[in-house]
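*Asks:* Between the sequences and the hints, there should be enough to build the whole structure, so can you do that?
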Amino acid sequence: MKYLFRITYLFFAIVLFSACEDVIKVNVDPGPERLIVDAFVNNLPEKQVIRLTKSIPYFAKSGSEPGVEGATVAIVDTTNGGLKIFNFSDSGNGNYIFKPNAITGDTFTVDHNYVLIVVEGGDTLISLSRMQPTAPIDSLHITAEDGNTVGFKKGNYVELKANDLKGYGNTYWIKTFVNDTFRNRVFDINLAYDMTQTPNNQDGGEFIWPIRYGAINDFGNPGKTGTKVRVEIHSITLETYYYLNLIISENQNGGLFATPPTNIGSNIFNFNQQKKRAVGGFFNVAAVSRKEVTLP
Amino acid sequence: MKKYLPLLFLLCAFHLSAQTKFSISGYVRDSTNGESIHNARVYNPEFNIASNSNNYGFYSLELSAGTPHLLRVSAPGMSERTFTIILAKDTSVNFYLMPSAREIKPVDIRVRKNDNVRTVDISTQTITSQTIREIPAFLGEADVIKSVQLLPGVTTVGEGATGFNVRGGGIDQNLVLMDEAPVFNSAHLFGFFSIFNPDAVKDVQLVKGGIPANYGGRLSSTLDVRMKDGNNQNFQANGGVGTIFSRLTVEGPIAKNKASFLIAGRRSYIDVLAKPFLKGNLKESQFYFYDFTGKVNWNYKRDKFYISTYIGDDAFSAQNAFGVKWGNSTITGRWNHVFNKKLFGNFTYFYSRYRYNIEFSSKDANFNWQSYIVNNSAKADFNYYANSKHEILFGGQSTYYVFKPGRAVVTNKGDKTDFSLPDKYGLENAIYIAEEYNPSGKFSYRLGLRLSNFMYMGQGKAYYYKPAANEGDRRVIDHVKEYKSGEIISQYTNLEPRFGFKYELDKNKSIKGGYNRMVQNLHLISNTAASVPFDVWQPTTNNILPEKADQYTIGWFQNFGAKSAFETSVEFYYKSMKNQVDYVDGANLLLNEFLEGDLLTGIGRAYGTEFYLRKTSGKFTGWVSYTLSRSERKVNGVNDNKWYPNRFDRTHNVYVVANYKLNPLFTFAANFVLSSGTPTTFYSGQYTVQGYTVPDAGSNARNNVRNPLYHRLDLSITYNRRPRKHWESNWVISCYNVYNRRNPFSIYFSTDYQNKGSNEAIRYSVIGSFIPAVSYNFKWK
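Protein chains in written order, with my numbering: chain A, 245 to 540; chain B, 30 to 810.
Bear in mind the hints are in silico, worked out from the structure with no lab data behind them. The model shown is predicted, which means the values in this text are computed figures rather than measured ones. Heads up, the beta-carbon is just placed ideally off N, CA and C, and yes, glycines get one too. A few of these clues could be false.
Below, computed lysine-lysine pairings styled on DSS-like, alpha-carbon distance capped at 27 Å [said to hold, decoys possible]: (1) K418/B - K287/B; (2) K433/B - K510/B; (3) K607/B - K538/B; (4) K663/B - K592/B; (5) K663/B - K754/B; (6) K808/B - K405/A; (7) K520/A - K287/B; (8) K410/A - K490/B; (9) K285/B - K671/B; (10) K410/A - K445/B; (11) K418/B - K538/B; (12) K397/A - K468/A; (13) K471/B - K644/B; (14) K371/B - K520/A; (15) K472/A - K405/A; (16) K398/A - K468/A; (17) K495/B - K418/B; (18) K810/B - K287/B; (19) K231/B - K330/B; (20) K397/A - K754/B; (21) K607/B - K495/B; (22) K410/A - K510/B; (23) K472/A - K535/A; (24) K410/A - K495/B.
Restraint-style ranges between C-beta atoms, simulated for each label pair [what the hints assert, rightly or not]: (25) N769/B - F463/A: 33 to 41 Å; (26) Y603/B - F463/A: 50 to 58 Å; (27) F515/A - Y603/B: 42 to 50 Å; (28) R374/A - D669/B: 54 to 62 Å; (29) V354/A - D447/B: 28 to 36 Å; (30) K513/B - R374/A: 35 to 43 Å; (31) N499/B - N516/A: 46 to 54 Å; (32) R374/A - Y512/B: 32 to 40 Å; (33) R296/B - F463/A: 34 to 42 Å; (34) D579/B - P276/A: 37 to 45 Å; (35) D669/B - F515/A: 17 to 25 Å; (36) K472/A - Y768/B: 56 to 64 Å; (37) V509/B - P276/A: 50 to 58 Å.
*Replies:* Quick look at the structure:
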């Protein structure tokens with residue numbers, strides 16, 4: 245909505261009032277160095293990665309954060325008083341890996357509670373999460389657009405056929421992979437709160453059009469013939485839903501209708517209260533449903 | 030107009046003793062068009078007593094019987110006239126004044142000589158329609174709100190931003206009244222123009238402090254925009270053709286001296302001009318705004334009736350695929366009744382609505398979203414002129430609000446999904462009483478008390494939230510309770526004392542002070558740098574408490590120079606505010622049923638000093654003001670619970686408004702604005718989560734950096750063509766932002782979300798160059 249609004253506004257501003265934007269140099273205080281834990285794991289039978297890095301100054305090259313090695317990383321299943329431990333082994337460059345095994349039961353389970361534990365440099369970081377059930381995918385439907393729908397060029401598009409789970413407050417992250425590559429632009433982050441994008445009492449039915457169609461496809465550009473499109477629905481906790489929403493809004497913020505830059509929080513806590521080492525990042529354990537289709 | 034004698038004799042019986050007192054009362058009017066003149070002064074120099082006409086032009090004065098008395102009647106922009114009267118009984122007299130012939134000799138634009146020193150009013154500024162038209166304007170369009178933004182203590186977050194900020198208050202904390210009906214969005218085209226047609230405006234009064242008891246409901250100020258009544262002598266038309274829109278106002282008598290009408294309209298024609306350049310689907314695009322003002326009034330003996338209406342909209346649509354529309358509409362009915370020589374009553378009913386509508390449609394899907402706020406209100410105001418020293422004002426108001434925070438329907442291939450949020454209802458009642466003590470001596474005061482009550486009512490749902498896990502966190506819903514129609518969900522009663530005084534040191538100097546408590550039960554939910562037309566108004570509820578402010582003001586007023594042509598004042602104010610609405614990080618404000626869980630409550634404080642120097646007569650007129658101020662907020666859970674500056678805080682503000690009438694043909698005008706940058710938050714660090722760059726602002730950095738200095742000079746030249754019998758016209762050539770300054774509205778950060786390069790800081794300027802404009806204005810009479 246805000247996006248649309250900005251477009252309308254910019255149209256006027258540029259045409260009439262010669263509005264302009266230019267890149268400038270500013271000095272910013274580098275702020276505290278944080279230990280970042282990027283812990284999004286799921287119940288797929290694939291290698292699970294938790295990444296430990298250090299934050300860098302805002303104007304440093306993005307993605308150049310140094311990995312943190314030599315830490316102890318584990319997830320503990322505390323459901324029903326149990327203590328099942330999933331160890332993540334240090335594989336260098338800040339990556340900690342766990343290979344699940346469904347046969348031995350070494351995998352994450354729906355409705356179980358998990359504790360993430362990271363021990364690094366005298367600090368113990370913990371975080372809690374619960375794996376929520378996810379919405380099953382009925383099918384991926386291919387729609388041929390004739391070019392008459394505004395915003396959609398002629399060609400083939402994918403529509404996700406799936407219903408929100410019954411009950412209020414289910415939150416999902418719907419991911420699209422094109423030829424096995426995750427489409428990872430910020431504006432592609434496709435989140436659902438029940439059937440819609442925000443909490444408003446729409447429960448149990450088909451996901452609304454922008455979720456099941458608009459955001460699955462690449463902004464009205466059709467896929468080429470032979471393209472493999474995979475859609476995954478990851479269940480996320482409510483706090484992860486809000487966290488990802490913050491990433492979206494912070495990354496697309498600006499101009500006349502900018503909201504004040506906010507402090508994007510974290511659900512990771514430093515157990516060592518004395519040292520007050522700053523931390524960041526997020527922990528979520530997702531159940532995943534997925535389907536793949538090849539465009540004709 | 031020679032029929033009005035300079036002296037008016039009311040020769041009555043002479044046998045009465047000098048001790049007996051009688052009252053003289055009536056209206057003060059403009060002799061050329063019959064417009065009532067408010068705040069005119071009827072003054073008797075012999076006893077040094079005066080009556081200022083009220084909002085409807087009514088005055089009342091007591092004088093001793095039997096002897097001749099001199100009365101000087103004066104008003105802003107009007108030639109003062111002197112009358113001699115002898116009273117033998119209570120008498121009703123209407124005084125008629127002539128406008129000062131402004132084309133012929135230099136004008137005196139002040140209300141009256143030394144009036145700023147003499148009245149109890151503090152922190153109050155009146156701008157006449159003429160002054161508004163003489164200020165160089167953006168794209169040559171004279172603008173009410175833009176003129177108000179040049180007054181001391183008033184700021185804006187930037188060009189193109191809706192509304193204005195008074196003494197560190199939010200834009201929703203100004204009560205903007207149009208013929209007594211509040212308007213909820215005073216802007217066209219986001220904020221580049223205001224909704225008031227300058228040709229239909231009589232004058233505008235801004236009250237920033239010492240707010241009288243008859244006004245209530247907003248914390249920071251009252252902007253009272255009074256529309257013309259309509260000429261009841263002759264038909265007349267005013268209009269103009271400008272770069273952005275054209276306007277036309279027609280007014281005239283329905284029955285001479287008795288009844289008149291005014292209709293005024295404006296429409297932008299960007300779309301009409303752009304049409305030849307648009308191709309294909311875009312040909313169907315619409316983007317325009319318009320407003321219409323209509324008014325009729327009639328006098329019948331002791332009664333005067335008015336009906337006025339305003340309708341205005343902004344509309345954009347493209348390709349039949351999306352359309353947005355927003356606008357205000359109001360209708361006001363008023364009845365003035367003179368009960369007797371001492372008691373004047375005004376009864377008003379108004380309906381005011383602000384609504385917006387957004388629609389997207391495609392072949393199979395349609396999305397329609399509407400939101401509005403409606404209020405229906407009845408009020409009564411009385412002036413009781415107890416004697417020549419005491420005036421009592423009392424009255425009450427009752428307002429019923431309907432809030433529709435969002436009605437949204439999505440249709441997908443025939444399936445309808447309703448996202449609508451439940452409506453909300455509120456009833457606000459207030460009564461007030463105020464006394465004005467205006468003796469002939471040096472000391473006078475105004476004392477007032479307002480009692481207000483707000484009821485948040487059913488039918489509707491009340492939401493109850495669990496306490497937040499940590500301060501500043503979103504609160505999660507605990508339970509929802511349904512209420513029946515008319516059932517009270519929560520209510521709040523507040524006492525609002527008001528006080529003002531003046532002490533005259535001599536006729537050119539005075540000290541004034543004021544105190545007011547204000548309570549606000551309507552809240553504009555907005556956390557963007559500039560408010561958007563889609564922001565939603567919310568009532569006070571069981572979760573949102575009434576906002577409150579206490580303001581203390583003290584000022585020194587002094588005039589000097591020949592004929593006291595220079596007016597100066599220095600005012601200090603301190604305002605403390607409670608229950609200010611703030612937002613959790615990442616708050617979702619639109620179509621969110623659990624919105625109240627995303628709101629935080631904080632306290633605020635604003636303080637500052639305003640220096641003002643105005644030259645009011647001669648060929649050269651204008652003002653210079655300097656404001657030094659601070660506006661801060663403290664919210665638990667934000668900025669580590671420490672005070673931080675509000676987003677509209679500007680430390681230094683310098684405004685210069687100058688007007689030079691070279692001769693009857695040419696007038697030159699200039700204004701200059703210099704303001705400290707607004708505060709903003711800069712990111713300090715970054716990291717990556719799931720491949721996305723996460724910018725890091727830290728937890729204690731809210732508004733820790735300032736945007737660069739803002740300054741701008743505008744110039745205009747008005748060429749008045751020689752007036753003909755029925756036709757007067759002028760050309761205005763203006764240039765906005767003369768020296769081509771690229772003032773940043775904000776600096777924002779563009780995070781490299783693809784995580785491949787570097788993040789950037791971007792300077793965003795709404796106006797990137799100088800903007801010349803020409804407009805042609807005419808008057809037919």
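*Asks:* For every hint, state whether the structure bears it out.
*Replies:* Comparing the hints with the structure gives:
| no. | hint | verdict |
| --- | --- | --- |
| 1 | K418/B - K287/B | 32 Å, violated |
| 2 | K433/B - K510/B | 19 Å, holds |
| 3 | K607/B - K538/B | 35 Å, violated |
| 4 | K663/B - K592/B | 48 Å, violated |
| 5 | K663/B - K754/B | 62 Å, violated |
| 6 | K808/B - K405/A | 65 Å, violated |
| 7 | K520/A - K287/B | 79 Å, violated |
| 8 | K410/A - K490/B | 23 Å, holds |
| 9 | K285/B - K671/B | 64 Å, violated |
| 10 | K410/A - K445/B | 19 Å, holds |
| 11 | K418/B - K538/B | 21 Å, holds |
| 12 | K397/A - K468/A | 12 Å, holds |
| 13 | K471/B - K644/B | 25 Å, holds |
| 14 | K371/B - K520/A | 73 Å, violated |
| 15 | K472/A - K405/A | 17 Å, holds |
| 16 | K398/A - K468/A | 11 Å, holds |
| 17 | K495/B - K418/B | 56 Å, violated |
| 18 | K810/B - K287/B | 19 Å, holds |
| 19 | K231/B - K330/B | 24 Å, holds |
| 20 | K397/A - K754/B | 63 Å, violated |
| 21 | K607/B - K495/B | 22 Å, holds |
| 22 | K410/A - K510/B | 22 Å, holds |
| 23 | K472/A - K535/A | 10 Å, holds |
| 24 | K410/A - K495/B | 23 Å, holds |
| 25 | N769/B - F463/A: 33 to 41 Å | 37 Å, holds |
| 26 | Y603/B - F463/A: 50 to 58 Å | 52 Å, holds |
| 27 | F515/A - Y603/B: 42 to 50 Å | 45 Å, holds |
| 28 | R374/A - D669/B: 54 to 62 Å | 30 Å, violated |
| 29 | V354/A - D447/B: 28 to 36 Å | 31 Å, holds |
| 30 | K513/B - R374/A: 35 to 43 Å | 39 Å, holds |
| 31 | N499/B - N516/A: 46 to 54 Å | 19 Å, violated |
| 32 | R374/A - Y512/B: 32 to 40 Å | 34 Å, holds |
| 33 | R296/B - F463/A: 34 to 42 Å | 35 Å, holds |
| 34 | D579/B - P276/A: 37 to 45 Å | 39 Å, holds |
| 35 | D669/B - F515/A: 17 to 25 Å | 21 Å, holds |
| 36 | K472/A - Y768/B: 56 to 64 Å | 58 Å, holds |
| 37 | V509/B - P276/A: 50 to 58 Å | 41 Å, violated |
When the structure is compared with the earlier hints, violations turn up for hints 1, 3, 4, 5, 6, 7, 9, 14, 17, 20, 28, 31, 37 and for no others.
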